[in-house]
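Go by the hints and put chain H onto chain X.
Chains as they are written, first to last, in numbering that gives the first Met the number 0: chain X, 0 to 478; chain H, 0 to 213.
Derived by calculation from the structure, the hints in this document are not laboratory data. None of the values given here were measured: they were computed from a predicted structure. For glycine and all other residues, C-beta sits at the position ideal for the given N, C-alpha and C. It cannot be assumed that every hint is accurate.
Unchecked claim - Quick list of simulated restraints, FRET-style, between CB atoms: (1) H:E23 with X:P93: 31 to 37 Å; (2) X:P104 with H:T121: 47 to 53 Å; (3) X:N125 with H:Q99: 56 to 62 Å; (4) X:V126 with H:S27: 49 to 55 Å.
Stated by the list, open to error - Simulated pairs of lysine to aspartate or glutamate, EDC-like, Cα-Cα distance not exceeding 16 Å: (5) H:K164 with H:D146; (6) X:K32 with X:E1; (7) X:K97 with H:E208; (8) H:K172 with X:E18; (9) X:K255 with H:E103; (10) X:K4 with X:E36; (11) X:K4 with X:D33; (12) X:K188 with X:E145; (13) X:K75 with X:E36; (14) X:K255 with H:D107; (15) X:K331 with X:D384; (16) X:K343 with X:E145; (17) X:K141 with H:E23; (18) H:K132 with H:D91; (19) X:K441 with X:E455; (20) X:K138 with H:E65; (21) H:K172 with H:E23; (22) X:K457 with X:D371; (23) H:K172 with H:E65; (24) X:K4 with X:E16; (25) H:K176 with X:E18; (26) H:K90 with H:E35; (27) X:K255 with H:D91; (28) X:K32 with X:E18; (29) X:K255 with H:D102; (30) X:K122 with H:D102.
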Amino acid sequence: MEYLKARTTGGREIVFEREPITSGGEKVVFFTKDRTEVIGFFFGKLDNPHERRSRLFRIVGDYNPTLEGSQSEYWKRHFCWPTDIVDGELGIPPDFIKRHHLSRPLLGVVCPAYRPNFFFRDKTGNVREKNGRWFTGSKARKLLPESERGDFLRYIQCCSIMASGVRRLHFAGLAHSDLSHSNVLIDPKHGDACVIDIDSLVVPGLAPPSVLGTPGYIAPEVVIGHALPSIETDLHALAVLLYETLLLRHPLQGPKIHSRVPEEDELLGMGANALYIEHPEDPSNRLRTPPTVPVSRLGPYLESLFQRAFVDGLHAPRKRPSAAEWEKALTKTLDLIHPTPDGKDWFILARGMPNTCPNTGQAWHRPVPIMDLFREKGTGAYSDDQHAVTIWNNRYLYRWHIYSNLNPLQTSRETQAYFSFHQDRWWLVNQSGNDMIIVDEKEYLRNGHAVEITPELKILLSPEEFGRLAIFNFLDPAG
Amino acid sequence: MSVRRLPVYILADCSGSMNGAPIESVKSGIRALHSELMGDPSAVESAYLSVITFDSNAQQIVPLTEITSFNPPEFTAGGTTAFGSALTLLKDCVAREVRQTTDEEKGDWKPLIFIFTDGAPTDRWDEPAATLKRNRPGNIIAVACGDAADPDILKQVTETVLIMKDMSPEAFKQFFKWVSASIKQTSQKIGAGPAAPAEGIALPPPPPEIIIHP
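One chain only, chain X, in its complex shape (with noise of 0.2 Å):
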């Protein structure tokens, strides 16, 4: 195979293969020869190419999370972020250019290859890329391998980190423009998800948006002409593309006709007559045969933040759920997961929902202990942190659980304690290398020590600063 070779702003050579992996709405994309990255090069007419390579110069540095600070390499595993830019042709040659239509002055992005875990073999034999896609679409789904398509814990966990990338972004003032599930790739087989497509930033302070973003995961306010991609049009995005890797379905396509044109019909559908077919009051829009997984059983954070985004936020944008919520909602629903009595799959148990996996019909017949989580409000008041956490055998509990300060990114994920299930009764393990605090025995659960979990007991999970307060409790198994 031949190869070309390119020199970056960056002052490196990249060595690229001649022939395309694949080519976008606005760049066509080579593999470099070792395959350890990509290389880009914008083609057709650039609006403004100023601005462009200006944004591309913002993002590869100043705007880049993977260059320092402690998460740093979380964001590395949870971008695909651009490491270099090629401005200017010096060394390109121009049949190539002209072959492929590229932009002039030209202008390209060095980005890393996506990581082995997001690529699957099809059952035709061919290697593809684990965009979003492939696990939401009906026909899609039934290309995958069964050993790719990962259990339901997983797709939240890969909606965890999605959020959380969302959330990085935005914290920093910049807006995706371009969410939708070509732009994600996620491994439901690992819990693994990955952000791509970033040259497409919008920067703040430079000039708007090249993109609308893609049909499905436009905002209303866009899909009308009323606004340009930003982070509240992202928010919109990101709620359509959770809703779906959740539920496999898209949360505004319904039955309801705008009109007998498909393209008139698609504009209203998605802009000026959105509608949620999971809408409480206006059921003009619901699926005709009822989903077998309704919004409810996602739990009440998820199902809460849904009606924020699909009905109050839908054609208000202030309203809608920001990406830190999401990402505290998921991580929160995480906790209300139980498995299936098979072992084989996992459903959302809490109170007040049925205790049936809704994918399997599978009942639990004894009752499931749950836990709410306090935290200290002053000296010996506690408030309700609104997080309960529902209970199986061998399920772990770790800092975050411990400590009210804590969040699952910033903590180490090593075990506090664990719940065992033995002889027909429950018991709580402490592991945490301190002591616990039985609360109305006055006494210490020490380390490597188990209680017996009743109904109303009361463990003091950390008697340190931050340190919260469990209540047990068990879910009637009549649901």
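Showing chain H alone in chain X's frame:
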């Protein structure tokens, strides 16, 4: 709720002059197109393919089929160029296979139709062409291949006419790559303003082997 379907029709000239390398290039082009679309989950969800060939007669050799069930067809070249019959058959197939939106059911996207021919029609084509142009059953892209094809005839069918002078296997390969990019783009990105999807489609730039006939 299933995703709206995107019907794609390919009308291939299989007259005698296509014999040899050109017809083989068309077949391998359709195979490559299919495999390319199988790699795009959005296309897998929405795109449907049909192949109509025309020589002395026109026949729909693959009815409108979803990508996952599509089998790239075998066909040979020979005979004359029943272009008019092909256009009439296309009109009938679209009328029969493409679902219209009703007050109760969502219909399909407007079909994408690719027509390519390498010679002058040998049957009556002007009326079928006029009917198609009037009815606009989809977004039609017509390609005049080689020296003998007359782009002005194709202009009677659609505004979008391309010229592919070179009929080498490489040129066909690039053409089908471009077809696949057009389908993918339709199922993915809106490039221009909010009104873009309602009026025509934004096609990606064609490969250098192909030029746009003004």
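Quick rundown of the hints versus the structure:
A hinted range of 31 to 37 Å holds for the C-beta pair E23 of chain H and P93 of chain X, which are about 32 Å apart. The supplied range of 47 to 53 Å is met by P104 of chain X and T121 of chain H, whose beta-carbon atoms lie about 50 Å from each other. For the pair N125 of chain X and Q99 of chain H, the beta carbons lie near 35 Å from each other, so the given range of 56 to 62 Å is not met. Between V126 of chain X and S27 of chain H the beta carbons are some 21 Å apart, a value that contradicts the proposed interval 49 to 55 Å.
Simply put, K164 of chain H and D146 of chain H have alpha-carbon atoms about 6 Å apart, close enough for the 16 Å limit, and the pair holds. For the hint pairing K32 of chain X with E1 of chain X, the CA-to-CA distance comes to about 10 Å; that is within 16 Å, so the pair holds. Restraint check for K97 of chain X and E208 of chain H: satisfied, since their Cα atoms lie roughly 11 Å apart, inside the 16 Å limit. Of the pairs offered as hints, the one joining K172 of chain H and E18 of chain X holds, with about 13 Å between alpha carbons and a cut-off of 16 Å not exceeded.
Taken as a hint, the K255 of chain X and E103 of chain H pair is honoured in the structure, with Cα atoms around 8 Å apart against an allowance of 16 Å. A distance of roughly 13 Å separates the Cα atoms of K4 of chain X and E36 of chain X; the hinted pair therefore holds under the 16 Å criterion. Simply put, K4 of chain X and D33 of chain X have alpha-carbon atoms about 13 Å apart, close enough for the 16 Å limit, and the pair holds. Between the alpha carbons of K188 of chain X and E145 of chain X the distance comes to roughly 10 Å, so the proposed pair stays at or under 16 Å and holds.
Proximity of K75 of chain X to E36 of chain X is assessed by CA-CA distance (about 13 Å); at most 16 Å being required, the pair is judged to hold. Among the hinted pairs, K255 of chain X with D107 of chain H is consistent with the structure: their alpha-carbon atoms are about 15 Å apart, no more than 16 Å. Simply put, K331 of chain X and D384 of chain X have alpha-carbon atoms about 11 Å apart, close enough for the 16 Å limit, and the pair holds. At roughly 13 Å between alpha-carbon atoms, K343 of chain X and E145 of chain X fall within 16 Å of each other, so this suggested pair holds.
For the given pair, K141 of chain X sits about 31 Å from E23 of chain H by alpha-carbon distance, which is inconsistent with the 16 Å threshold. The straight-line distance between the Cα atoms of K132 of chain H and D91 of chain H is roughly 14 Å, inside the 16 Å bound, and the hint therefore holds. A threshold of 16 Å between alpha carbons decides the hint, and for K441 of chain X with E455 of chain X the separation of about 15 Å falls inside it, so the pair holds. Using a Cα cut-off of 16 Å, the hinted pair K138 of chain X and E65 of chain H holds, with the two alpha carbons roughly 10 Å apart.
Restraint check for K172 of chain H and E23 of chain H: satisfied, since their Cα atoms lie roughly 11 Å apart, inside the 16 Å limit. Simply put, K457 of chain X and D371 of chain X have alpha-carbon atoms about 10 Å apart, close enough for the 16 Å limit, and the pair holds. As the CA atoms of K172 of chain H and E65 of chain H are separated by approximately 22 Å, the hinted pair breaks the 16 Å bound. Of the pairs offered as hints, the one joining K4 of chain X and E16 of chain X holds, with about 9 Å between alpha carbons and a cut-off of 16 Å not exceeded.
The hinted pair formed by K176 of chain H and E18 of chain X meets the criterion: a straight-line CA distance of about 13 Å does not exceed 16 Å. Between K90 of chain H and E35 of chain H the CA atoms are separated by roughly 27 Å; this puts the pair beyond 16 Å, and the hint is violated. Distance restraint check for K255 of chain X and D91 of chain H: the Cα-Cα separation of roughly 29 Å exceeds the 16 Å cut-off, and the hinted pair is therefore not satisfied. Distance hint between K32 of chain X and E18 of chain X is fulfilled; the C-alpha atoms sit about 11 Å from each other, no more than 16 Å.
In summary, the hint linking K255 of chain X to D102 of chain H is supported, as the alpha carbons are separated by about 9 Å, within the 16 Å threshold. For the proposed pair K122 of chain X and D102 of chain H, the alpha carbon gap of about 39 Å is over 16 Å, so the pair is violated.
The structure shown violates the earlier hints numbered 3, 4, 17, 23, 26, 27, 30.
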